[in-house]
Amino acid sequence: MTSQSIPPPPRRILSLPAIPPCESVSPSALLSSLLSLAADVSSSDSTPARCPTHRRAVREALRHVAILSTFFADIAGSDLPASAVLGLSELHVTLQRLGHLLRDCSRRGARLWILMNSGRVLSELRVLLRSVAVALDVLPLDSLALSSDVRDTVSLLSRQAWKADLRPDPADERAAEAVRSALAAFAGAVPPDGVELKALLRRLQVRSWSDCGDEIAFLEEQLLDYSTGDDGEAVLLGNLTGLLVYCRATMFKADGVEARKEPRLEEQRIGGLNPEAFRCPISLDIMAEPVTISTGQTYDRASIVRWLESGCLTCPVTGEKLRSAEFVPNSAVQRIINQYCHYNNIAAAGSNSGSRKRDLAKTSSPQSPAAAGATRMAVAFLVGRLHAGSDGEKNRAAHEIRLLSKSSIFNRACFVEADCVPWLLHLLSTPDPSTQDNAVAALLNLSKHPSGRAAIFEVGGTGLVIDAVSEGLKAEAKQNAAAILFYLSSVEEYRKEIGEIPGAIPALVHLLRRGGYRGKKNAIVALFGLLLSPGNQLRAVAAGAARALVDLLGDEREDLINDCVGVLAKMAERQEGADAILAASPDVLQSLVGVLQSSASRSGREYCVSVMLSLCDSCGAKVVGLLEKMPLLMPALYSVVAGGPPHASKKARSLVNYIHRFHDQEDFPSAAALPPPPPAAQDRVVHAR
0 MTSQSIPPPP RRILSLPAIP PCESVSPSAL LSSLLSLAAD VSSSDSTPAR
50 CPTHRRAVRE ALRHVAILST FFADIAGSDL PASAVLGLSE LHVTLQRLGH
100 LLRDCSRRGA RLWILMNSGR VLSELRVLLR SVAVALDVLP LDSLALSSDV
150 RDTVSLLSRQ AWKADLRPDP ADERAAEAVR SALAAFAGAV PPDGVELKAL
200 LRRLQVRSWS DCGDEIAFLE EQLLDYSTGD DGEAVLLGNL TGLLVYCRAT
250 MFKADGVEAR KEPRLEEQRI GGLNPEAFRC PISLDIMAEP VTISTGQTYD
300 RASIVRWLES GCLTCPVTGE KLRSAEFVPN SAVQRIINQY CHYNNIAAAG
350 SNSGSRKRDL AKTSSPQSPA AAGATRMAVA FLVGRLHAGS DGEKNRAAHE
400 IRLLSKSSIF NRACFVEADC VPWLLHLLST PDPSTQDNAV AALLNLSKHP
450 SGRAAIFEVG GTGLVIDAVS EGLKAEAKQN AAAILFYLSS VEEYRKEIGE
500 IPGAIPALVH LLRRGGYRGK KNAIVALFGL LLSPGNQLRA VAAGAARALV
550 DLLGDEREDL INDCVGVLAK MAERQEGADA ILAASPDVLQ SLVGVLQSSA
600 SRSGREYCVS VMLSLCDSCG AKVVGLLEKM PLLMPALYSV VAGGPPHASK
650 KARSLVNYIH RFHDQEDFPS AAALPPPPPA AQDRVVHAR
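Each step along the sequence shown adds one to the number in numbering that gives the first Met the number 0, with nothing skipped, and position 87 is 86.
By construction, these hints were calculated from the structure, which means they are not laboratory data. The reader is advised that the hints may include incorrect statements.
[Unchecked claim] Straight line, CA to CA, 25 Å or less: simulated PhoX-like cross-link-like pairs of lysine-lysine: (1) 473 / 447; (2) 252 / 473; (3) 197 / 252; (4) 405 / 320; (5) 405 / 447; (6) 649 / 628.
[Stated by the list, open to error] Label pairs and their computed distance ranges (CB to CB): (7) 250 / 139: 53 to 59 Å; (8) 180 / 13: 24 to 30 Å; (9) 194 / 428: 36 to 42 Å; (10) 206 / 330: 30 to 36 Å.
Ideal placement from N, C-alpha and C gives every residue a C-beta, glycine not left out.
Produce the complete structure using the sequences and hints provided.
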């Protein structure tokens with residue numbers, strides 16, 4: 000990725016940062032920059048036509064900028080006194096901030112929020128216009144070579160800027176009142192006035208499903224900022240989000256849902272990233288704040304700071320002596336990590352329950368009664384479309400449910416309570432690929448909720464999900480269906496019955512062999528969940544799971560390899576599984592040693608040791624004799640013994656003892672009586688999407 004393709008870091012709305020000119024700037028250079036800045040502020044992006052609200056105030060601000068632009072052009076090329084620098088510098092800062100404010104007023108996605116924060120917008124604009132007046136008063140106008148007309152106009156502008164009377168447009172006040180009326184209706188469980196809502200959306204220039212989606216996405220992003228801060232602002236954001244969710248569900252048709260044959264290119268690119276590349280080489284954890292040092296290597300800020308403070312002045316990766324102890328934030332990597340976390344619906348790196356980046360999907364309750372009422376009404380409308388709509392309406396409803404059920408736990412609970420699950424399961428047998436894809440994805444989101452898992456299982460939907468794994472019309476539908484099985488397998492009763500369905504495990508093994516990266520990933524975790532039921536071990540062996548997993552040990556993606564050895568560790572706990580692993584490939588032990596030696600994952604190394612320990616325990620001298628001849632094994636084991644967590648260290652010591660006893664004794668028992676791997680080996684491998 001080149002630097003040209005990376006967008007600038009996002010600026011929080013109505014934050015108006017400005018960089019003052021340096022003190023040594025020449026008047027001519029400053030004037031040239033002011034001309035460019037004034038032209039930028041007056042660009043088409045911030046014209047009143049592009050601002051649905053505050054049009055009179057925006058028009059007044061642009062009139063001030065136009066006069067200033069004429070003023071700058073009139074004094075261009077003339078000798079400016081040094082005393083003019085102070086006033087011009089103040090104008091430079093003010094124009095930067097004014098440009099930010101006008102762009103916020105015209106910003107797509109933020110229009111409803113700007114409307115409901117009208118008082119703050121007008122207050123900021125008054126401050127900026129008075130800053131213009133202050134700067135003009137500071138300027139030595141009598142010392143500047145100005146035409147009389149321009150001098151008079153600038154003097155008049157200064158007086159007007161001091162007295163600027165900026166008030167809300169009457170149409171804006173009516174629109175804001177319509178919002179308050181709708182929220183009151185939602186809080187009382189009464190449908191709002193549809194005519195008023197349509198007039199509101201016209202005023203905001205929200206003309207399509209996509210426009211409405213942009214507004215919702217903006218509000219949800221803002222809610223992350225306020226979820227642990229200003230409760231009043233969080234309530235407002237929740238209310239506005241609920242209002243727009245209702246409008247999008249009931250008033251618009253989704254744009255091009257039927258035409259969405261494959262995941263968007265951006266989703267494919269982000270979803271296919273290897274998360275191991277995001278790990279800090281020092282801590283091996285996902286980087287929360289990546290920074291780049293003078294050698295070009297990137298580390299997590301906290302880790303490299305500790306490294307430098309300990310007196311190490313070399314690059315941890317290359318060993319090169321650092322030319323400087325300074326580092327710079329790597330915003331490109333930071334944004335990619337954040338996008339990956341958002342795409343996979345997991346908490347952003349370095350987040351915690353009290354952080355600004357708290358995962359929105361963990362919000363289990365609405366912000367207010369109005370937000371709850373709006374959501375329930377939207378849910379009821381969409382479930383009604385699933386029940387009685389046309390084929391196209393059912394597809395659009397499933398698509399909307401897919402989006403809303405991804406955003407919060409409360410939304411998922413509402414859909415389950417509204418009996419949405421049976422209607423979505425019915426759509427799994429549709430011949431339309433888009434409808435099936437949306438239905439499977441919606442069911443996946445609902446399966447993340449305990450009541451959603453119960454609803455799928457109790458209505459007999461497990462068989463339909465398995466059919467989608469094996470016969471899904473799109474690759475995305477197959478992989479999401481496998482992820483549903485993973486969540487169902489988290490319940491002991493369900494995993495037992497899933498395994499007893501004849502095609503369940505073979506379907507996952509087939510996806511493991513033939514699926515793409517995400518399909519393989521989800522098949523692996525689903526298999527792991529099913530193997531927690533002892534009766535499914537033999538079924539997995541019979542389906543050829545061992546061979547499919549061993550074949551993936553040569554994959555290029557380290558996270559996929561680590562997941563595979565986790566499942567192999569579970570299979571190897573039983574004699575039948577151990578035999579199947581050894582029979583899968585003559586090079587299986589060599590592959591495991593290679594993973595142990597090269598893996599950067601602590602859990603991956605522990606799983607490798609667990610597999611080899613179980614193979615020794617089950618197959619005795621046949622395995623230990625082969626391991627004893629591998630020179631790379633012992634250094635890797637000693638590394639785990641010395642630096643691994645207690646469970647992994649204990650297993651590694653047991654394996655070392657096996658090899659030493661084989662080396663020292665002629666008559667090695669066929670099956671040594673060592674304890675099985677500790678329960679830590681049964682930890683979940685990965686999180687399915």
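Do the hints match the structure? See the list:
1. Between residue 473 and residue 447, the direct Cα distance comes to roughly 22 Å. Compliance with the 25 Å bound is thereby established for this hinted pair.
2. A C-alpha spacing of about 23 Å is found between residue 252 and residue 473, which places the hinted pair at or below 25 Å, so the restraint holds.
3. A threshold of 25 Å between alpha carbons decides the hint, and for residue 197 with residue 252 the separation of about 14 Å falls inside it, so the pair holds.
4. Restraint check for residue 405 and residue 320: the C-alpha separation of about 47 Å exceeds 25 Å, so the hint is violated.
5. For a cut-off of 25 Å, the pair hint linking residue 405 to residue 447 stands: about 10 Å separates their Cα positions.
6. The suggested pairing of residue 649 with residue 628 holds, with an alpha-carbon distance near 22 Å, which does not exceed 25 Å.
7. A hinted range of 53 to 59 Å holds for the C-beta pair residue 250 and residue 139, which are about 58 Å apart.
8. Checking the proposed 24 to 30 Å range against residue 180 and residue 13 shows it holds: the Cβ atoms sit about 25 Å from each other.
9. At about 40 Å, the CB distance of residue 194 to residue 428 agrees with the hint of 36 to 42 Å.
10. For the hinted restraint 30 to 36 Å between residue 206 and residue 330, the CB-CB distance of approximately 34 Å keeps it satisfied.
Hint compliance for this structure: hint 4 alone is broken.
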